[in-house]
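Using the hints provided, position chain B relative to the given structure of chain A.
Single-letter residue listing:
There are 2 protein chains.
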Amino acid sequence: MGADRAAQNYLDGVRVLDLTQFEAGPSCTEALAWLGAEVVKVENPKGGDPGRSSFRGKPGQDSWYFLLFNANKKSIAIDLKSPSGLALVRDLARRADVLVENFAPGAVERLGLGYEAVREINPAIIYAQVKGFGAGSPHERGLAFDMIAQASGGLMSITGEPDGPPLKPGTTLGDTGTGMLLAISILGALYRRKTTGEGERLELAMQDAMLHYIRVAFAATAVNGRPAQRNGAKLLSGQNAPSGVYPCKPGGANDYVYVYTSRANPAHWQRLLEVIGRTDLIGDPRFETPGARAEHEEEVDAVIAAWTRRHDKHEAMRRLSAVGVPAGAVLDTLELQNDPDFERRGIMQVMRHPACGDFKMPVWPVRHGGATLPVAPAPLLGEHNAAVLGDWLGLSADELAKLRQDGVI
Amino acid sequence: MGADRAAQNYLDGVRVLDLTQFEAGPSCTEALAWLGAEVVKVENPKGGDPGRSSFRGKPGQDSWYFLLFNANKKSIAIDLKSPSGLALVRDLARRADVLVENFAPGAVERLGLGYEAVREINPAIIYAQVKGFGAGSPHERGLAFDMIAQASGGLMSITGEPDGPPLKPGTTLGDTGTGMLLAISILGALYRRKTTGEGERLELAMQDAMLHYIRVAFAATAVNGRPAQRNGAKLLSGQNAPSGVYPCKPGGANDYVYVYTSRANPAHWQRLLEVIGRTDLIGDPRFETPGARAEHEEEVDAVIAAWTRRHDKHEAMRRLSAVGVPAGAVLDTLELQNDPDFERRGIMQVMRHPACGDFKMPVWPVRHGGATLPVAPAPLLGEHNAAVLGDWLGLSADELAKLRQDGVI
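For the record, the sequence lines run as chains A and B. Residues 1 to 409, numbered by the working numbering, are exactly what the first sequence covers, in order. Residues 1 to 409, numbered by the working numbering, are exactly what the second sequence covers, in order.
So here's chain A without its partners, still in its complex pose (with noise of 0.2 angstroms):
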């Protein structure tokens, strides 16, 4: 279920030239990519991506992790330690709308591809980098992975158990989160670029991103002047009852069911009293109003956990949800991967990999016109070296193949 190839040409004729590597930067082109951009990732033609052996699924073949990443993309392979490897990446770089890397700090500006070096040749290039950490932050030159981004970005500090240490949530925010935010910059400078022809300069460290993503956090410090806490599954602000996770039957490790009844529609507390057939609480002034439930949190939780440990979390969702209170089952990632729901509605699409098989992915998850966006195969390492470099750089085939010979692609 996906629109047809065409529809999916938002960015036409966009030219994105994508040294990226990993996750950060790779995140950020794909979505350009699911857009329609032409996305052309250079590598190294020794391995490539290193995210191309990064949780490695057959041997010998490109990890999940890579063609989870690099969907809809292309790929050439340049080696950018040879002279005429670097020129033929600069001569791309001058027929590119957007280049982006996220290359370790000074990396790019070593081998001469920093942001004065391009624009001298292509004044309306719209340049973006990712970094661990922002111009001019004391940390300027350090490394940065997702964790160290989650670390020192704040979410680490506010997740886990109140009386246990700082813990990394499961999501790789530091990564995909970062890159989600350039390629809203990437394709507001696009649209302006339009109609201006002006290009662009834009610059996203990890650290700083991580901000814009526990902004109710610092909302949290504004009120009470304190850090914000770790407070499990419950709220930060601690003042809402019921929210949390609730067990539920068989007990596995993710048999609970999130339970949550807004302080805004006092219709929420009454349904689940009904649903859960204790509507004899109903009145009670321990749970009448927001503030006596939060007041009484224990006992809430423990009127709760006493129906959802006589059902399953799906029965539990299904029944809570099906009246107006939200509710959300724990799912993990087995069984969201094998729920046919996802695969009808679109948002996992199955890549068909020339060399890894078939592997079905979650996609872009935004419906368009009613249908989610078609997947394609990640490149395999330099697939279109001839391709990209030919229409391009509009190189011919005697050209291409002293290129081979000379071990540059």
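Read the hints as simulated data drawn from the structure, not as lab findings. Do not take every clue at face value.
One copy or two, either will do: identical chains are not told apart, so a pair holds if it fits within one copy or between any two.
[Unchecked claim] Once the Cα atoms are required to be at most 20 angstroms apart in a straight line, the calculated EDC-like pairs of lysine to aspartate or glutamate come out as: (1) Lys81 - Asp358; (2) Lys249 - Asp163; (3) Lys58 - Asp358; (4) Lys194 - Asp12; (5) Lys360 - Glu120; (6) Lys46 - Asp406; (7) Lys81 - Asp398; (8) Lys58 - Glu298; (9) Lys360 - Asp339; (10) Lys58 - Glu198; (11) Lys58 - Asp12; (12) Lys402 - Asp391; (13) Lys81 - Asp91.
Frame of chain A, contents of chain B only:
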């Protein structure tokens, strides 16, 4: 430190009719506002967006929460229960480029402002919706809040200690994470519309959006066919040492430093040993390869913790980071709020609010042309009634006075 106002108008002339509340919708339209779109919030004259009274700051004033998610927007207060109020909003929809809504399922259609109705009067509209669950999902009519999306979208199943219950990540990714993906699709549709004039319907479910942010966990599941597990502060894959938070002095709730050495770069481990004064371990077969270190993880952790306990987290980060070991102090929201580095670099800016006073807050974290975009205050309820109804609809002062008198605005 912000670009001048003119430089901000990436989305010059783009009119967004904003029918959103709380966070998932407002975070999306705020991203468009940062980029210079004219975002007009339509609010209930009686109290407005319920986010105005969440996490309240000073009594009777807009909450910090509201300020954070509604910077750079305009507000008009219109009674949607009155026929003339509804007619006004329909007229605004006729003149908008983009409409965004995140009402409960079915609500916007009941108002007569559903996609079909709006498309009829404005075929080029980009009409974007956030719901908790996707059209066609068994939970399609279910209510969702941030935590419900995080539970049913897989995040909680991979957040927490290995032997503990699922936890809620501190980030409100169910809301803001959804808003960012929808903003990307809106911008793609705007780019195409500029050439073709075509509108588009966009729909995003919060549950579906979560899958996008946990794709690494899906890669882990694809490798071993099992649900991805919770793993505390360590990597999901559990095959990397060191990776985790290490205790620092003086031992407070957030006195930890994250230390990580990449399997892909053997130099990290050696640099780490040099900093912590354990060069005696260079060449030790227990630690010589990534595989060996993973096998001796407890010993690795003990060696590192013995050093981190003697330093505070800032010093530990500084010393490790300086020599190229990925490291991040676990910073809390108060430390981030008070660190002058973020204000100096423009990542935090002061919103000068006419009623709430000065509020230092994280802004859009991408640097455009070397500087972040400038913050303008979140609007007072109905602040732009006259300006927007005059500008978009050409209403005269007399017509506005009549609407005010009739209680419509």
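Tested hints:
1. Lys81 - Asp358: Close neither inside one copy (35 angstroms) nor across copies (52 angstroms); limit 20 angstroms.
2. Lys249 - Asp163: between (27 angstroms within a copy, 17 angstroms between copies)
3. Lys58 - Asp358: Classified as within: same-chain Cα gap 12 angstroms, cross-chain 56 angstroms, threshold 20 angstroms.
4. Lys194 - Asp12: Both, since 12 angstroms and 12 angstroms are each at most 20 angstroms.
5. Lys360 - Glu120: Answer is neither: 43 angstroms inside a copy and 37 angstroms across each miss the 20 angstroms cutoff.
6. Lys46 - Asp406: Within. Shortest intra-copy distance 14 angstroms satisfies the 20 angstroms Cα cut-off; inter-copy 73 angstroms does not.
7. Lys81 - Asp398: Answer is neither: 22 angstroms inside a copy and 72 angstroms across each miss the 20 angstroms cutoff.
8. Lys58 - Glu298: neither (49 angstroms within a copy, 29 angstroms between copies)
9. Lys360 - Asp339: within (11 angstroms within a copy, 44 angstroms between copies)
10. Lys58 - Glu198: neither (45 angstroms within a copy, 43 angstroms between copies)
11. Lys58 - Asp12: Neither: 35 angstroms inside a copy, 49 angstroms across copies.
12. Lys402 - Asp391: Classified as within: same-chain Cα gap 17 angstroms, cross-chain 62 angstroms, threshold 20 angstroms.
13. Lys81 - Asp91: within (16 angstroms within a copy, 60 angstroms between copies)
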